[in-house]
Each structure stands twice: as C-alpha cells, then as structure tokens.
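Trainee: Order-wise, the sequence lines are chains A and B.
All residue numbers for the first sequence refer to this note's numbering, where the first residue is 1 and numbers rise by one.
All residue numbers for the second sequence refer to this note's numbering, where the first residue is 1 and numbers rise by one.
You may find that some hints are simply not true.
For lysine-lysine, the following BS3-like pairs were computed, each having C-alpha atoms within a straight-line distance of at most 30 Å [unchecked claim]:
| id | chain 1 | residue 1 | chain 2 | residue 2 |
| --- | --- | --- | --- | --- |
| 1 | B | K454 | B | K470 |
| 2 | B | K275 | B | K180 |
| 3 | B | K557 | B | K405 |
| 4 | B | K308 | B | K163 |
| 5 | B | K308 | A | K194 |
| 6 | A | K194 | B | K163 |
Don't read these hints as lab results, they were simulated from the structure.
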Amino acid sequence: MTTTAVRDNSNIRLFGLFMIKRLVQAAVVIAIVSVIVFLLLQALPGGPARGILGQAATPAQIEAFNHEMGFDLPLIQQYFNYVSQWLTGNLGRSFVMNEDVSSLIAQRLPKTLILAIAAVGGALLVSIPLGMAQALRRNKPFDYIITGINFVVYSTPSFFLGLLLIMFFAQLLGILPASAPQGNTVGEILAQPKEMVLPALTSGLAGVATFSRYMRSSTIDNLHEDYVRTARAKGTAMKRVVARHVLRNSLTPVVTMLGYYLPVMFGGALVVEQLFNYPGMGLLFWNAAQTTDFPVLLGCILVISLATVIGSLLADITQFILDPRSRGGVK
Amino acid sequence: MAFDQRRMKKSVTAGLAALALLLTGCGGANSNTNSATDGDSDAAAKTVPAGVDTNTVNYALPPNATPNWILPIGVAGKMATHNSSIHQALWSPMFTFDGSKGEMAMDTETGIADKVEYSEDGKQVTFHMRHMHWSDGEPITTRDVEFWFNLIKANKEQWGGYKEGRLPDNITDVEYTDEKTFTVTFDKVYNQDWLNSGQLASVRPLPHHAWAKTSQDGKVGDADRTEKGAKEIFKFLMKESENISDYVDNPLWKVVSGPFTLGGFDNSGKVTLEKNENYDGKDAAQVQTVNLLPFTSADAEVNLLRSKGIDYGYIPTSLLNQQQQFQANNYNMDPWEGWAITYMPYNFNNPKMGDVFKQLYVRQALQSSVDQSTISEKVWMGGANPVYGPVPQDIESHYLSDTQKNNPYPYDIEKAKQLFADHGWKAGSDGILVCESAGAGDSDCGEGIKEGTKMELTMMVQNGSEEADKQFAAIQSSLREAGVAVSFDRAPLNSVLNRTVPCEADSSDCNWQFSYFGAAGSWYFPAYPTGERIFATGASVNFGNYSNPKADELMTKALESNDPQIMQDYSALLAEDLPVMWLPNPVYQVSVIRDGMTGTTQDPTGNFFPQRWGWNK
C-alpha cells in the first residue's frame, strides 16, 4: 500500500472515530439539557393550570386539567413519559394552542428557516465581497467608512432598526409592505418575496457587520501567507490570486461560524417576528413561556438543542475537511 | 370571564355614546328596536374612503389572541371572547344579552328565539322559536335544543360555563311542547336579569341531525337521550375540535345556523367568515367576508393600521397623542369601555400580614392612599376610570349605589396616617409604621397583630404593561407617604394567576399578599354584575378568602329576587367593606375604525358582532 493510500485510510478511520465520538457527545448533551429544562419548568411556581384555564377555573377543572395533561404524576414518571413520547416522534399536545406540538413546530420552523436563510444568505452575499474589499484596501478611507457603518449597524437594536425600515419603506415611500409574508405553507411564503425584504434586512444587517469583520480579518491573514507571495512572484495577477486562492482559504472561519449559527436560526428571531407579524419559532417559544405551556417549551428546547448539537458538529466537520491541521493524522 | 391583555388608553372622542342599562325582567321577548347604527362611532357618518373593498371587513384580533376552538360548547381555557364571538357568528344562540346595540338588553334579533315569556310565578320560561333553518336546509327545532341540553347535562364538568348549583343543576324540567316551543322550569325563582344574561343566554341549538353521532361515518340517532350516549357524542365532538387544520373541511362545522359560514381557519389564527346565503334569521351579515386577523404584537398591528391594511383595529394608549394622524388617514378613535372592575385582592390568610388586612381601618387607610382620579387621568391618559366598589362604574346602571358612586374613601393621606395613629401604629426611624400597641382594643393594632409588626407590603404585579408599572410607582409613592413600605414581585400574567390562589395560612402557596392581574380589567361581568364568584365565602375566584356573611346574604338574594334595592345594598356594602383594593379600570381597547364603517357599537361585555359590520352606502 502506498504512503498516500495509508494516509487516506488513516484519515477515514480518524473521521469515523471523530463522528462516533461527537454523536455520543451529542446524545449526552441533549439528554442533560432536557433534564435541566424539565426540572426548571417544574420549579415555576403554581403550575400551568390556572394560567392556561384562566382565573375563573374551578378547582375541579384544574384538577381535571392536571390529570389530563399528566401533571399530577411523579416528576420522574412525567419525564420518562415525555422521553418515551419523543422517541416515537410525539412531542405532546399544547392545550393552549389546541394543537400537537410537532404540528406547531412543523408550521413555525419552516417559516423561521426561510427568514433565517434569507437573512443569512443575503448577509453572506454582501459581507464576503465587502470584507475582502476592506482587506484589500486596509487602513484606507474605504475600510474606515465601512468599519464605521458596521459598528453603527451592529450596535443598533434590531427592533429600532426594523421600525426605521418600516417607517421609511412602508409608510413614507410605500414601496414595501409592513408585514412579513402571511402564508402558512412554504410555497405561499416564497410567493411573497417583496414581503420578506424588510424582515430579512432587519434580521440580516447585523450579520453583514459580523461576517464582513471576520472576512476582513481572515483575508488579511491569508494575504500575508507564503503561497500568495509565491504566486505573485510567479507572475500571477493579484485578482486571480485573490479569487482562486485567498477567497477559498479566507472562507474557513466564516463557514465554520455558520455551523454555530444554526441554533440561532432554529430558535427564531422574536423581535422580528413580533414586529413584522410573522409567527415563527421565536414567538412560539416566547408565548409558551408566558403561558407556561410545558409541552411546547420542552418541544422547542429539544429542537433547539438538536440544532445546536448538529450545528456544532457541522462546524467541526467543516473544519476537519477544510483544515488538515485539525485532523491530527498521518502527514 | 377572562379577556385578552393589552395596553390601553382612553380617547376623549366626542360622540361616545353613554350606555344605559335597561332591565328586561318582565318576561316576554324584548327585542331591541334601536337601529344598528345607533351608538356607532363617528366613523359611521363618514364616506367610505376610495379604494376600500366594501364587500369585506378586516378586523384586528388582540395581540397573540389566536382563535383555537370551534365547538360552540366552551371548555375551560378556551372561553376567550374571540372564540365565543366566532361561535355566535356561526351558530345562533336563542338570544344574546349585551350592549351591542347601544343599551344592555336582551336581544332576540341575534338569535333563534322569537319570544321569551316568564310564567307568573317566575319559575318557568317559555321560548317560542322562529322558523329558521340550518345551512343544509333542515329546520331548526326543539330537538336541536334538547340535543344541547343533553350534552351539557351529561358533560357539565367539562363545560367551561358550568358552576355547581347553576345551569343545568337548577333546572327541574324542560318540556318540548312542539317543534318550536319549549319551557324550562327552574327549581326556584331567580332574578330574571341574572337568569337571562348569566344562564339562558348560554342555550344554543346544535344541529342534532348532523352532530348526534360518535364518528364521522356513524349513524345519527337519539343516543344523546342517554347519559352514556351523550358522553360519547361529546367525546367525539371534542376530538374533532382538536384538529384545527381540519376545521374548514370538516363536514360537522359546515352545518351552521348563524349569519356566517366558516371560510377559513388557519393555524396562525386567521379566521375568515363568509356570509351564510341560507341564513333566514333577523341578523344577516352586512358584508360578504369578514377577516379576523391575528397579530404577534400590538406594534405589528399598528404598523399595518398605519399602512391602512385594517378596517377595525386598535392602538395602545401611548399613541393617543397621534389621533390627528389617524384621522388624516380616514380613521376614527372609539374607546371600548368594558363592563368590568379592577382590583387587587388582599390575602386575608397570609401568615405575615393576613391579620393586618383583616382590620377594616387598615384597608380604609390603604384605600385612602390610592389617588384613582389622578392615576386614571395622568397614567392611563384617560384610558381608565376609577372604581370604588363591586359594580362596574364605566357605564351608568341602576345597580350602582350612591355610596359606591361617590367614593366612600377619597384620596386623603392625612386621613390614612390618622387611622394608623389611632390604632397604635407609629413611624420608625425609617418612616415605616410599626405596631406599638398589640391587642384587640379600639386603639390597638388589632387581634392577632404582634407588637413590632412593620407595615411592609409585597405586591405581586403582572409585568408587560407600561401603564400598570407607572400606576404602581404612584401607589408605592403615596403609600410611603402614609408610612407603608411597598415592594413588588413582578411576573408574567399567567405566573401571577397561577400563584394567586385561595390558601390556608399554613400552606406553602400562601405567601402572596396582594395580586394584580388587571392591566386590562380584573373581572368582566355578564350583564347582571353579581359578585358571588369573586366575593362569596369560599368561591373559587375569591382568591383572598374574603368572608362577610352580610355580603353572602345579599349576593344570594341578588340571584333569587327581582328587588333592585338588593344590588344597591350590595354595591354600598362592599364599597365600604373593601374586600379588595379598588383600582382604576382600564378600557377594553382603544378602537380605531375606518371612516364609513357601520355597525360598530362596542359591546361592554367584550363580544363582537361581525354580522353588524358594514359600510356606509
């Protein structure tokens, strides 16, 4: 077997071990998070019954409710009931919303993801070239101006930013709607692209500031690498060096960061959802917390935990693939 | 009755109709002959702006108020007015009792009853039904009424409107004379206002020919005439009601008797009502389509309102100073005053302060330290009205005693200080009152109060309302002036409600002292505002365990006698005895209505009537 073949086999084995280790870790993390959240919810004073049924509920109605929802069982039994349901894909039922939790998440999650993808996708399209341009014009007026704008955008609360955008584009100019797409299916939402502009801008502008800073730093680091000096010495045009080599290598930290951004995407953007009348995961979680809707809270936590673990895993895998130094294998 | 919570502010719009209360206790149908536009906001007199679709009305539901229950038998937790208003639009009750036409009265035009007659002894009520049909052409008969009674009787524990001893427990017989006439016999004489508004208004014919089965493909029969059969049918209907995404296509919900059919009911909360072309009652829809629009926040709703995307919406009180801007956009403001009171219960069983609260002079001193008029004017910007007793005061009624109306405890810090001083309380070096004379004598602190007890109170207050926060800052300041220290325990509304429970002194959940859940009114009444559910000894919503035998006696009599003096005596007694701390009562919402819209008289009990909404033609 050649050295290359040996090296490749070793890397595959390493990758396999790496994946197994991370999957086991993921399962343990999700289990621990679910226990912690479950116990914290039980610690809420008073229990959920009166808040859900209303102040006029009689003790008999409260008792019936607690019995129907299983809240009168011992805690351990309640927890294991939840876990055994989860394993069969049953996330329970929301008495408040009168729907299965899995249905609620199935309705809200796609909406949240569409908004997140629109926001993050738009942010990347702008921030990657912007960051590179800043790096190539480092410490020049262009760089300073963009940095200043980024700081202002980053420090502006998203609620205020959203209101400004609505006031200007929707109310003053009347060229964009004030509400997000009001459809219920992915198709209906995608059929209203104009309605997605302001929510995506509100959500994505801070991302432009963040990603472009990372891109700028990463590009500056790569511009000082030996391979750039070598390529230039061989007569390769700077544009070609940047486009073919620097760009790819500079993307590593940004792509890795995207993995850690996954749970944020799944968790929803409460402020944007409230402002643009776009009921997504953020609002689902918030309203469930306000009404102590335990099944929804637990369901959302489970989804976000999974997203966190998967996101972290994807980030590590990306790094493993893109950066040989992280493999620790045969050279 | 529970209502959705929002921040409100009262408008001082001219033309607000004062609502007067009429008694209809003398039997017979009492259909209100006022025209649908009487009491409408100023909007009704104006021209419809260009570009408005006059076949449709878009109505903004309160923030996060998501309709979530289609079955017109409410269950606990699903009794919100947006649910019941939708039920009413689809399935007409026998009658309603509300202020939707400008006066609180029985309204048979909304319903299936043509006439309602009381017997001479007052124990029997005979209903004469109109000749109306279900949307599938079948006639509405007494069999449909019997179906409703059977379901309620067999499943009363699950019915959200049930209270022990009340409907159906207090009915001894229901006789179905013919297909259009039935007579209900009660176990004793009851006050007719209470009976009409609080009991009989619940009666609603249900389509027996379509619903009396236990599966979609099951056979319709008379199983509801047995308890077992009625339970099984109810269980089936409940199960069908748990599938919101199926509401529009489910054949059960297509059979209606009301002015509308269900055009849409989606998971986000948007409900579309379409005019029922087969409706043959007296309250037909004025437009083809009504859209009930859900909103994630008041800000989202206001944004759409400013963009002119709503016909009938609302604004928070903080925007009242922009009234002209909305008027320039062809909208009118019309505050929606509620038939409600707002208060903070004292926990008379609190281990630390319960005995202190039991002293009337303490409650008098505390009440005298709350400047309701100033708070209503400055904090709520006129969007709330002072409340001095158990009867709603926003609207004139003959239930309101002069004692309550004139405020037995006007704001007077000096009086508060004197009351404490006369009973052995003295300010310490920190200015907080301390009991220096334990004992039950006239000049002592009172029975059970130990020497050294400090007048330090903790108020559990719902968060999320700017006006409520400012209100309590003002109350804290004025109480401090009187020598009473106040700290706050702020929590979301549901958490506050969860923790505000009737309790015994030695139980772990009895550590609350005061509880505020009234940012949009603490308690909304049906038209006859008896307080037996909130002030009677042992009542489930008497959170603080207030007990006054005289009050109990009056509340019992108020339900069983038609003597109007009883309610007046009750109003005066509780205004003086202070079972709770009375606080300003916020309006239900500040409505913003597009010019030219008609039929928008706002019912103080909080229901809305989409069939009345129309456009000036």
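Trainee: Compare the structure with each hint and give your call.
Mentor: Evaluated hints:
| no. | hint | verdict |
| --- | --- | --- |
| 1 | K454/B - K470/B | holds, 25 Å |
| 2 | K275/B - K180/B | holds, 25 Å |
| 3 | K557/B - K405/B | holds, 22 Å |
| 4 | K308/B - K163/B | violated, 44 Å |
| 5 | K308/B - K194/A | holds, 18 Å |
| 6 | K194/A - K163/B | violated, 52 Å |
In terms of the numbered hints stated before, the structure departs from hints 4 and 6, listed from lowest to highest.
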